[in-house]
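Trainee: The numbers in our numbering rise by one with no breaks, and the one at position 96 of the sequence shown is 104.
These aren't lab readings, by the way, just hints derived from the structure by calculation. Nothing here was measured: the structure is a model prediction, and the numbers come from that model. Nothing false has been slipped in among the hints.
Simulated pairs of lysine-lysine, BS3-like, Cα-Cα distance not exceeding 27 angstroms:
{"hint": "1", "residue 1": "K93", "residue 2": "K112"}
{"hint": "2", "residue 1": "K122", "residue 2": "K111"}
{"hint": "3", "residue 1": "K93", "residue 2": "K111"}
{"hint": "4", "residue 1": "K111", "residue 2": "K88"}
{"hint": "5", "residue 1": "K112", "residue 2": "K88"}
{"hint": "6", "residue 1": "K88", "residue 2": "K46"}
{"hint": "7", "residue 1": "K112", "residue 2": "K46"}
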Amino acid sequence: MGMKFKKTLEAGYTLVEVLVALTILLAVLIPAIQFTTKLMNNSYARDLILATRLAQNEIERVISERDFFQGETQIRLNHKSWRVKRIFENNHGLILIHIQVYKKNANVPFIELKTLRLIYE
Numbered sequence: 009m010g011m012k013f014k015k016t017l018e019a020g021y022t023l024v025e026v027l028v029a030l031t032i033l034l035a036v037l038i039p040a041i042q043f044t045t046k047l048m049n050n051s052y053a054r055d056l057i058l059a060t061r062l063a064q065n066e067i068e069r070v071i072s073e074r075d076f077f078q079g080e081t082q083i084r085l086n087h088k089s090w091r092v093k094r095i096f097e098n099n100h101g102l103i104l105i106h107i108q109v110y111k112k113n114a115n116v117p118f119i120e121l122k123t124l125r126l127i128y129e
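Model the full assembly from the supplied sequences, consistent with the hints where possible.
Mentor: Right, dumping it as structure tokens:
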């Protein structure tokens with residue numbers, strides 16, 4: 009006695025096919041998302057290093073040239089625009105050198121560096 013299988017006309021995907029498709033999709037999407045995240049973090053790190061160097065160079069220039077005048081400078085490096093702002097506070101022979109580096113038209117500094125120097129007459 010043989011069993012007869014009834015052929016159905018229903019079309020669709022089985023649960024196994026759906027699970028295999030989802031596995032393949034996730035195997036592609038997860039590395040793509042990780043790559044994009046690392047790329048964005050790498051770009052931020054490059055900007056942070058560049059902004060830190062701009063601020064350090066400005067502090068060194070101010071100290072070596074004794075150029076204690078407040079102001080702002082526009083700089084273009086690596087196809088990006090930066091603003092470097094210098095703020096000074098004199099307090100009984102000690103001067104606070106405060107350097108702020110901004111990206112393009114940002115209102116909030118990307119990085120700030122401060123140092124105290126003794127002023128010799």
